[in-house]
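*Asks:* With chain U's structure known, arrange chains Z, E and B on it following the hints.
There are 4 protein chains.
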Amino acid sequence: MSGNSLGNLFKITTFGESHGKAIGVVVDGVPSGLKLSDEDIFFELKYRRPGNKYVSTRKEEDKPQIISGIFNGKTTGMPLAILIENKDPMPLHYEEIKHKPRPGHADIAYIEKYGYENWDYRGGGRSSARETVARVAAGAIAKKLLLLNNTIVAGYIKASGDLFIEETPNFDEILCSRESEVRTIKSKEEKLKEIIEKIRKEGDSIGAMVEIIVKNPPKSLGEPVFNKLKSDLAKSLLSIPGVVGFEYGIGFKSYKLKGSEVMDEIYYDGKFRFRKNISGGILGGISTGEDIILRIAFKPTSSINKEQKTIDMNNLKPTTLSIIGRHDPCIAIRGVSVAESMVALTLVDHSMLSGIIPKVKLTDQQSDIIEKRWSEFKEKCM
Amino acid sequence: MSGNSLGNLFKITTFGESHGKAIGVVVDGVPSGLKLSDEDIFFELKYRRPGNKYVSTRKEEDKPQIISGIFNGKTTGMPLAILIENKDPMPLHYEEIKHKPRPGHADIAYIEKYGYENWDYRGGGRSSARETVARVAAGAIAKKLLLLNNTIVAGYIKASGDLFIEETPNFDEILCSRESEVRTIKSKEEKLKEIIEKIRKEGDSIGAMVEIIVKNPPKSLGEPVFNKLKSDLAKSLLSIPGVVGFEYGIGFKSYKLKGSEVMDEIYYDGKFRFRKNISGGILGGISTGEDIILRIAFKPTSSINKEQKTIDMNNLKPTTLSIIGRHDPCIAIRGVSVAESMVALTLVDHSMLSGIIPKVKLTDQQSDIIEKRWSEFKEKCM
Amino acid sequence: MSGNSLGNLFKITTFGESHGKAIGVVVDGVPSGLKLSDEDIFFELKYRRPGNKYVSTRKEEDKPQIISGIFNGKTTGMPLAILIENKDPMPLHYEEIKHKPRPGHADIAYIEKYGYENWDYRGGGRSSARETVARVAAGAIAKKLLLLNNTIVAGYIKASGDLFIEETPNFDEILCSRESEVRTIKSKEEKLKEIIEKIRKEGDSIGAMVEIIVKNPPKSLGEPVFNKLKSDLAKSLLSIPGVVGFEYGIGFKSYKLKGSEVMDEIYYDGKFRFRKNISGGILGGISTGEDIILRIAFKPTSSINKEQKTIDMNNLKPTTLSIIGRHDPCIAIRGVSVAESMVALTLVDHSMLSGIIPKVKLTDQQSDIIEKRWSEFKEKCM
Amino acid sequence: MSGNSLGNLFKITTFGESHGKAIGVVVDGVPSGLKLSDEDIFFELKYRRPGNKYVSTRKEEDKPQIISGIFNGKTTGMPLAILIENKDPMPLHYEEIKHKPRPGHADIAYIEKYGYENWDYRGGGRSSARETVARVAAGAIAKKLLLLNNTIVAGYIKASGDLFIEETPNFDEILCSRESEVRTIKSKEEKLKEIIEKIRKEGDSIGAMVEIIVKNPPKSLGEPVFNKLKSDLAKSLLSIPGVVGFEYGIGFKSYKLKGSEVMDEIYYDGKFRFRKNISGGILGGISTGEDIILRIAFKPTSSINKEQKTIDMNNLKPTTLSIIGRHDPCIAIRGVSVAESMVALTLVDHSMLSGIIPKVKLTDQQSDIIEKRWSEFKEKCM
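Protein chains in written order, with this note's numbering: chain U, 1 to 382; chain Z, 1 to 382; chain E, 1 to 382; chain B, 1 to 382.
Quick caveat, the hints were computed from the structure, so don't treat them as lab data.
Please note: incorrect hints may appear among the correct ones.
Repeated chains share a single entry, so a pair holds when one copy, or any two copies, can fit it.
Derived BS3-like pairs: lysine-lysine, alpha-carbon spacing no greater than 27 Å straight-line [as the list claims (entries may be wrong)]:
| no. | residue 1 | residue 2 |
| --- | --- | --- |
| 1 | K53 | K186 |
| 2 | K87 | K98 |
| 3 | K219 | K98 |
| 4 | K87 | K21 |
| 5 | K74 | K98 |
| 6 | K35 | K219 |
| 7 | K35 | K98 |
| 8 | K317 | K98 |
| 9 | K191 | K53 |
| 10 | K309 | K258 |
| 11 | K215 | K378 |
| 12 | K276 | K309 |
| 13 | K198 | K380 |
| 14 | K193 | K35 |
| 15 | K63 | K98 |
| 16 | K193 | K258 |
| 17 | K378 | K276 |
| 18 | K219 | K317 |
From a predicted model like this one, the values you see are computed outputs, not experimental measurements.
Chain U extracted, bound-state conformation (with noise of 0.2 Å):
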């Protein structure tokens, strides 16, 4: 409640601030018997990391360190804390915002909740996009603990500026879109490196679309009324910074349909089956078993170079402010594994919930089969 934990069973607790020492995370509620190494969590880490021209030009490493819960390489049933160290801080970048609160941004914010005393304006301090290092790290265990059902999340950039990919791409295009330096389908990448690269050099940014398909989820996740799988899903994707707006199967688009039109035969092959999946998935709150689709919408970060109207706080006159820190002229792009570690996180959680995925132990045999099957989903797209 405190704000900084997620999940119930499978809990994650972050700690840690843009400029400060390190950034962090416990993951309580990992099974015991779970093979794990540092290398596991930074191969999740290197989607996420700046680096190219398309992204920020912060240089970190992001070379996770697991301080605890693991003994002779496997997890113990307790709680795993993971330590990623910032290494290229540059706090004199952030002097003229110490006093110039950043529109668009959570400053204004943390100043009104915390104090201006108390302010860390460091990069926006705990508020700045850094903190979800903490979430993609913990993530990869997530997703390491889906692959004992065989689940796979994968996203990518849907719609930006003038791109839109209309029809959801096969899943192994998707997937491999980790792969592209924009984050989206090979057959598209082009297109948007483009667009980021003109948005780029104009100094200015631009938001965009994301959908992402969980491939062979578990039924019957969620709990009515309250804790549905798509209320839960809503909560953690919108909890990323930049976040906007989710929608599941059609959407927004919904108003202007009829119930005649997303009529959806209920058929059997062996298991309850649906013919065109129009609910995306989920159904009175729970997963049908179908692949789980949804969009969520990041807001073009404020972050551009561009003169800008605010405050100052020495005397509460107008003032303007240019930011010149290192940023994303589109963050969706290192925000799509945010996001996927987000619907692996609250997945992990709901499947502990309903029983499918053990809460205290896996088996020898378990924890094989994950293990293969994260061999094979890391050489996947190579």
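*Replies:* The following block gives chains Z, E and B in isolation, referenced to the frame of chain U:
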């Protein structure tokens, strides 16, 4: 976690099925000293009640009975249990669907999760939107408490079929949509009635987009980083049956927008303000004090008078089904009240978390302010 | 957190006051498929009911009514609401204490916390032990579920006045104390009746120590490091009105004991066992599978027919008070049922957390096993 | 729920094992504006630290490092992560117990729950009392915050072996027991040293009873009916390794007492008071404002230098074990600090729930008051 409770300090727990004895809610966390009567609850319930030709023809009085937590007309600080009896269930209508799960409904999800043999098929049982009467009952208390800060939550149907109200209307128009049989602003009422009437005659249904405005919200609501106000609003709104999307501020159109287009000047006029409130009243997940503006998408209800393809549970063979229950051509009409309630419940909980609404006890003066504003609130739009 | 809910996966929320319309409980987290009737609940309630000369003379039928969550005699997985009406409140008895808070009772604490003007003084309102009828109703469900593992919880009065039963009796003796009017083992019944009768005639009250044994508890219950089984048992038992102490295993006599005196050999007879079960079935906060043995202390109720010194709330001057309500000379007699219920509720919650009792659905076979054992359980001691 | 977090608004999450890299804690819910340094934490840690002949000979500096949540010497409202490195682990000592679970320890419970193959046998891993260093670190923050209301928590060893201090000493004596090597009041120090020294030489261990007094507690803490202050104190104290009992006020001797013997006059001297404070500062589960008085029982540690019978995990045959690690002859000596911390943590959480300590932000004035009182507090007993 078991799914039927929502909230932290101001917590509701609901129970009851569509065709059971009663629907009910326990509201835990109401401070002592609030004047409250069955009539206060009923005032809100009547805006959700079925009964005109644009909504379900089910006849329910929806007279609530508070059975605990009140003494001498005021709350005691103890939990309030509120019961609303089911007076007009028609179980016979549901004999057909007993073995024919309705496509697009929660039926199959409940059958799979809880077992066909344990399934309360009468009108969807717990998954029926009838359950939401409990939320509106609790929402009435939340709405009253919000008046301590003069905060009002109001919504309307913004889009359905070929109606789309681009500009957010002024707040009084929105609030007074509660007197409309189709729950939209006066100037668009005829248009929407035509749309609904046409759909109803076709035996079809239609989706809708609902916009909710919070006037005078307290600032500083929301807990970084997971219990952001936007996250908890998304969760509570997505828990409503039929809701498939949530957005606030610029929402899903963000993918087409540049940072330079959404710059929003901060200024100071005795308090910190935003010139255009582009962020919809929430920055960094925390309320800024500007009006909160959000939208949700309702899907068209799957209960239509057209033949649908499904499975016969007796033999797992294909069959067809024509729904003959009493249903809403556009669930969003009555859904507006439910959505307002979910927003109000979330705001009160966060107000208590932030110390803005007292958790334990109202002073006599606070109690009187609320009662006076409540009278005024009830008389509006008459 | 708002205080009226307990449990994580198996969660109860209670409501109602001593002299209000009803006492009730919502039980959220009961798996589907459990056979359950009003009579099952009543079976347990009658062991807590007032009505003989050793306990309160208040006359309450305590006929429970399950109003949700049941369909065709079985649970559906949805929350169960259970109501127990108050049939014999005597509010007139309480006019005197309206302005005279009873020493040793919760009165003054409620007045200070929630306001004198909002205080439900009728029999202590919510702070009355009448509230515990809701716990026993929920406890009946918990006890049924525990039978899946053949686990039985039973308690008895171990000490009161100059009675002290040193050795823990055999389990059947303990279980059959439920048929005793003074809730102790047969061989000590006369002794305890004399003690209570004497106290009753003096218009006084007496404390007691209750011992609870859990026969065949599942092993591996308890979550390190804060949600240990011992922690959660302590919490749930201390929540009972009048309970002022908890211990398990060697408990408070430990200060006199050496490590060498409490050594307890581990051996293996198909499973890991402890020779003497000195630790009372819990090690490291986790159940070992040996019987759980714990004790709680009940204070003498403060409601006695002797003049007590208190404050007149009208003028804050000293005054005196003689309680004239109907009260228990030894609250522990009826408290044993309540304590058993709290233990059973805690064990079921932890069993679900550890995956030992299914959280979502019972199979038909599991359902039948429980029903058969429940019949046997009810017939014992007759 | 996953076991490693405690608290609602003021929440701690701990991690780390006895012989891992570090022990740590995340403290979520510290209001902004609190002055806080590594030294403040260390001040409390040193009272728990091993290092004299009456306690373990393990050498740990226990220098804490705050790695988040602080900016310019004050808290920012963001979570504080605190790390304490393990400098003196001696894993070699533990090779024997690798396959010989120690009787009376958590070993067998962990092996059964999490799997022998996943068991961190090094000094008990997570079940070691070394984990409690994290609690004392967090407790230092709680103790500072409590000074806002001038509340101080202090404990001492009340009984061990043939020492029993009948009367509760005056508060300064109790507080200054922190300077004693055996953590009891000055006048009984020699006696207790003799007892411990004798036990140590015998290679044995001894239990103890610890009494904790809360001076100037806020009134009105505690939430009916399950989150009573007594319930939450019991839970947090029972979570300490080795604690097997909790009582407050008259506690377990209640079974011998009559209601007439525990009558306690209410009077008014500007506030409501109790003449004898028989209830130990808590009535109806809510603090009365009188001193809180509670006691806990520590068992003798099972780590003794005497041969113990156990199982060889390699063949499930009986074997013997002589513990050779470094251990405390009386864990309660260092346990007093831990117990004080758990009480302080619980009180701060409840103070926030009741609005008595601000959850979000301290004013400058509040911050200064706390700092001044903290200086005075640290200087006491010198």
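*Asks:* If a hint holds in the structure, say so; if it doesn't, say that too.
*Replies:* Each hint tested on the structure:
1. K53 - K186: within (18 Å within a copy, 52 Å between copies)
2. K87 - K98: within (21 Å within a copy, 39 Å between copies)
3. K219 - K98: between (49 Å within a copy, 22 Å between copies)
4. K87 - K21: both (8 Å within a copy, 21 Å between copies)
5. K74 - K98: Between copies, since 16 Å is at most 27 Å while 45 Å is not.
6. K35 - K219: Both. Shortest intra-copy (26 Å) and inter-copy (25 Å) distances satisfy the 27 Å Cα cut-off.
7. K35 - K98: between (44 Å within a copy, 20 Å between copies)
8. K317 - K98: Classified as within: same-chain Cα gap 15 Å, cross-chain 58 Å, threshold 27 Å.
9. K191 - K53: within (15 Å within a copy, 51 Å between copies)
10. K309 - K258: Close across copies (17 Å), not inside one copy (45 Å); limit 27 Å.
11. K215 - K378: within (16 Å within a copy, 49 Å between copies)
12. K276 - K309: Answer is between: at 12 Å across copies they meet the 27 Å cutoff, but 49 Å inside does not.
13. K198 - K380: neither (31 Å within a copy, 52 Å between copies)
14. K193 - K35: neither (38 Å within a copy, 48 Å between copies)
15. K63 - K98: This pair counts as neither: shortest intra-copy Cα distance 29 Å, inter-copy 32 Å.
16. K193 - K258: Answer is between: at 16 Å across copies they meet the 27 Å cutoff, but 38 Å inside does not.
17. K378 - K276: neither (30 Å within a copy, 46 Å between copies)
18. K219 - K317: Answer is between; shortest inter-copy Cα gap is 21 Å, intra-copy 56 Å.
Of the hints listed earlier, those the structure fails to meet are numbers 13, 14, 15, 17, in rising order.
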